[in-house]
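Engineer: Chains F and C, in that order, give the protein sequences.
Residue 215 in numbering that gives the first Met the number 0 sits at position 216 of the first sequence, with consecutive numbering throughout.
Residue 123 in numbering that gives the first Met the number 0 sits at position 124 of the second sequence, with consecutive numbering throughout.
Be aware that a few hints might be false.
[Unchecked claim] Here are some chain C residues pointing at chain F (derived, C-beta under 7 Å): (1) Gln60; (2) Asn64; (3) Ile65; (4) Leu68; (5) Arg74; (6) Leu85; (7) Ala89; (8) Leu141.
For the record, the hints were derived by calculation from the structure and aren't laboratory data.
We put the beta carbon where it would ideally sit given N, CA and C, even for glycine.
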Amino acid sequence: MVERMFVQGNEAVGWGALYGGCEAFFGYPITPQNEVTQWFAREFPERGRVFLQSQSEVASINMLYGAAAGGFRVMTSTSSPGWGLMQETISHCAAAELPCVIVLVQRGGSGAGSIRHSQMDYITATRGGGGGGYKNIVLAPGSVQETHDLMQLSFYLADKYRNPTVVLSDGILGQVQESLETKTIDFGPLEDKDWALKGRDKNKDGKRRLINSAYGVLPLPPYPNYISWLTHIKKKYQEMEDAELRYEAYKAEGADLILVAYGYTSRVSKEAVNMARAKGLNVGLIRPITVWPFPYEIIKEKAALGCKFLVVEDSLGLLLEDVKIAVQGRAEIGLVSILDRHIPTDGGMIMPGRVFEEVQKLL
Amino acid sequence: MAKKMVTGNPAIWIDPPGAAMYCPGCQHPVVHRVIADVIEEMGIDGEVICMLGVGCHAFVQVAWNIDMLSCAHGRALDSGTALKRLKPEAIVFTVQGDGDCIAIGAGAFVAAMTRAEKITTIMYNNTNYGTTGGQLAPTTLLGQKTTTTPRGRDASVEGYPAHTAELAATFRGTVYSARGSVHTPANYQRTKKYIKTAFQKQIDGAGYSFVEVLVACPPNWHLPPVECLDRIENELIVEFPLGEFKNEDKII
Numbered sequence: 000m001v002e003r004m005f006v007q008g009n010e011a012v013g014w015g016a017l018y019g020g021c022e023a024f025f026g027y028p029i030t031p032q033n034e035v036t037q038w039f040a041r042e043f044p045e046r047g048r049v050f051l052q053s054q055s056e057v058a059s060i061n062m063l064y065g066a067a068a069g070g071f072r073v074m075t076s077t078s079s080p081g082w083g084l085m086q087e088t089i090s091h092c093a094a095a096e097l098p099c100v101i102v103l104v105q106r107g108g109s110g111a112g113s114i115r116h117s118q119m120d121y122i123t124a125t126r127g128g129g130g131g132g133y134k135n136i137v138l139a140p141g142s143v144q145e146t147h148d149l150m151q152l153s154f155y156l157a158d159k160y161r162n163p164t165v166v167l168s169d170g171i172l173g174q175v176q177e178s179l180e181t182k183t184i185d186f187g188p189l190e191d192k193d194w195a196l197k198g199r200d201k202n203k204d205g206k207r208r209l210i211n212s213a214y215g216v217l218p219l220p221p222y223p224n225y226i227s228w229l230t231h232i233k234k235k236y237q238e239m240e241d242a243e244l245r246y247e248a249y250k251a252e253g254a255d256l257i258l259v260a261y262g263y264t265s266r267v268s269k270e271a272v273n274m275a276r277a278k279g280l281n282v283g284l285i286r287p288i289t290v291w292p293f294p295y296e297i298i299k300e301k302a303a304l305g306c307k308f309l310v311v312e313d314s315l316g317l318l319l320e321d322v323k324i325a326v327q328g329r330a331e332i333g334l335v336s337i338l339d340r341h342i343p344t345d346g347g348m349i350m351p352g353r354v355f356e357e358v359q360k361l362l
Numbered sequence: 000m001a002k003k004m005v006t007g008n009p010a011i012w013i014d015p016p017g018a019a020m021y022c023p024g025c026q027h028p029v030v031h032r033v034i035a036d037v038i039e040e041m042g043i044d045g046e047v048i049c050m051l052g053v054g055c056h057a058f059v060q061v062a063w064n065i066d067m068l069s070c071a072h073g074r075a076l077d078s079g080t081a082l083k084r085l086k087p088e089a090i091v092f093t094v095q096g097d098g099d100c101i102a103i104g105a106g107a108f109v110a111a112m113t114r115a116e117k118i119t120t121i122m123y124n125n126t127n128y129g130t131t132g133g134q135l136a137p138t139t140l141l142g143q144k145t146t147t148t149p150r151g152r153d154a155s156v157e158g159y160p161a162h163t164a165e166l167a168a169t170f171r172g173t174v175y176s177a178r179g180s181v182h183t184p185a186n187y188q189r190t191k192k193y194i195k196t197a198f199q200k201q202i203d204g205a206g207y208s209f210v211e212v213l214v215a216c217p218p219n220w221h222l223p224p225v226e227c228l229d230r231i232e233n234e235l236i237v238e239f240p241l242g243e244f245k246n247e248d249k250i251i
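The shape of chain C in the complex, shown without the other chains (with noise of 0.2 Å):
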């Protein structure tokens, strides 16, 4: 049997990425790297297009060797539209945190769901804005403390956390949405799995699909790396239950 390289980086990493550009625990890099080996993988390196948001996630553009568009912020899938509409044969992608994908891009998000655009969305969620000092996200969990948050969120004031990929699975331009986390081996192994599984889908031309992924954030929930995990098992995914909540082969 042949010898397969099971360790070492992903072939389009081009700088491994977190000492510089993330906090310590900070599983936006694990991500990356699902993301990474999924696209060495299905050997779509060099086909791929990146649409980024704004946010932590945005950071990943010193570290994948593929070609990539930095966008405005909450506007990846507007632009990812348009490059996709004249290039159809691209794979286009998005990489969104929950505040890019659900708050200030609610709408792109939205639209591009209506239109059934063939592109992927995968969108971090840490429930709550990281890059900027830890504000309330729609993700927020009740009760949760953030920088605007200060009592924690309160339903009465704020509202509820909002469900993004239970949103994304009601279009019926959506034809696969999940939620995965990389707190633990299996699962890190099952969200490598939707992710390829959304990849798919496109290069099928099946429609849209999105991918969340529930990743820690230690300096702004005020937590060790290890508790953190511990919020991810036993707050965040009672919250956002992990699983598919769409998977179709085509539009119906």
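Same shape as in the complex, but just chain F (with noise of 0.2 Å):
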């Protein structure tokens, strides 16, 4: 069944997540993802699912370390400084296998910043926060639809790789509203969650279940030793960037110059393509869909062919060093942020207009 509905992005999420199969949500109040938490607030509970204000978004996290552990569908949501708090859990959450799904609304930062939107959480995003190198595939949509789409895809990638999976919103995409389609996308069967803690009589075999975190403490079975739990982390890792990369290129064949944008300023830098397009100037786009894994071989491809690429985030410049990573200084990069809004304060956004301006300069 599809239903069809005028909404913001931050109530796509919970459209998404109960379309998904989510079965719980933890939360914690923070500007500008509140919408997120009270639309679980009235809608969960008299679906029969769980919904919980957490004390804190430390508390929320380990709420989804304990009811994945349970092998419960869950998630929670936050901004910038919240995710901050979250780091070390979402850190235990990938150590001890636990599948869940967070949503990151990102907000203007350092420290508290500003309640406005930005894209500056883009590093800790994509590198994980917490201790220990670990690795969350991280989703990255640029309209309603696709948060309600890539929140399904979110619980479906947690499930199959036991893995915590983010999505990375922002203020403008949470706040936006645009029609959305709601229906229950399939992805494919996953396996028996018979890792679960459910009191051991109602596990199959009768044995206990133990999860824990700490595999250089007290080595768990499969794994005899540290190294071995690493090995198999790695190769786990490895299978999720082999396999989960996806973006979109818009344009971008034979282009002279390409926009590299995630979230709300991919909008803005599609808008800026078809200004250049209208203007006769050879311009595409490349969109990450997924930032972790991050599309670094299309890039390395068109730079090899001469491309020049323009970056177009609400940052400093983060995304900006995936880029030169591709690129590995064969090409030319450009840079729109976070300085270069139409007005200087919070509220302030990048336009498309200041995006072509950019684009004729470099070409």
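Dock the two chains into a complex; use the hints.
Structural biologist: Here's what the structure looks like:
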């Protein structure tokens, strides 16, 4: 059944989670994602699913850790300061291989920064801000519909790899209203969660389940020691990197200049591409849908063909780092950043016209 | 009269803990044994799910043949809350140390009691951080020397010992709170009764239940095991009186 509605990106998080089989939401109030928490408070209990307001973001993520260990599909949502608080246990979830979904609606930083939009958490989202160098698949929607669709994918990928998945949104994408079609997307079958804690007598083999994140201290079967476990984790991260890369190439074929952007600035960039094309300029866009794994290869290929790049992101230049890695010094890279907003307050935005100006300078 | 086995290991013991994981004279494995006996006697070993904190108590994961989750430091009650909300039929209990529960985990502890979670906590109180080398804990006695209070705990600097069982009793969501010890056979038996009562409160759906147990830590107390028992008798239970602080059948 398809239902059509006109909703905010933050509400699309809820609809996507609902249709994606999410069973519980644990969250703490923080702007600009409050519509997410309020959506779950309103919609989940009456459908027999669990909503609980936690006492902090630290609690939210540790609630996910416990619920995921029971084999449940669970999620939380937060914004930048709360995201910082969650890092330790995101690392624990990755180490204990507990699937869960964390939505990050980015706001301005550093510190308390602003309560409006930004794209300033790219590095901690893609690299992981907790200890140990773990990896999470990070999905970056560019519209309300895609927020809904990627929420469903996020639960599937979390279960498939027994790993946290991050959905990277921002204050603009969260607040914007667009039309949405809700429906369940079928990604294929998954294995039973035989590893989950149910109470020993409910386990198929009647044996206990023990889950920990301390393989160096108390190794668990089938990993006899710390390095054998790290070898397994490394192999899993490689499989995620090889199989789950997603990006959109828009008018990028044969382009002289390619814009690189995700989230709300990808919408702005697409508009700038259209403005440039209307003037006969050969400009395209590469929009990472997964920012980890990152589409290094396509950018590297375009750089080898002599293409220039323009990164458009609402920060001081973080996505820029990944584009530099891809290009390896072989092409010119420009940046339209948070300093290029149309007004100098926290409500300022990067506008298509400003991006187009920079396009003309580079070509 | 049918013969009843009164010696040997509890059925839920995978490996008797102690030799490998614990220092000579440590009373953590004694409390592990008490909890194991209670779980076995109540016949709930197939239904319990244990949330472990971080500290010496967490080494029990090698010993008990029950489902267990080793949690982030101080967060066992957050993780337990979520699991219990999603699996109300499971008997969820946390095993935590004093540092795990009332220092780093104080927020989670207070929040769980505020929400009246139907969970049971057993907190091992050895008045210091045993695993990391005997540092100051909220429960350290005044004057007690630790590796981070080398001149002894000074109230003007580190404040006063935290009374966790008494604090727990002040919350409406808590239906049961007690403090026991295992330094004499009589106290061992009383503590066993406290733990059994605490589990029963959860099974009855009454509210949050809490048992603190005083335990010896010979290497960090710098005392032989027998003198540790004297310290519990003469110093610890003076500061931390034993007994039940709250025992209700429902939240009042």
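Engineer: If you test the structure against every hint from before, which numbers come out violated?
Structural biologist: When the structure is compared with the hints, only number 8 turns out to be violated.
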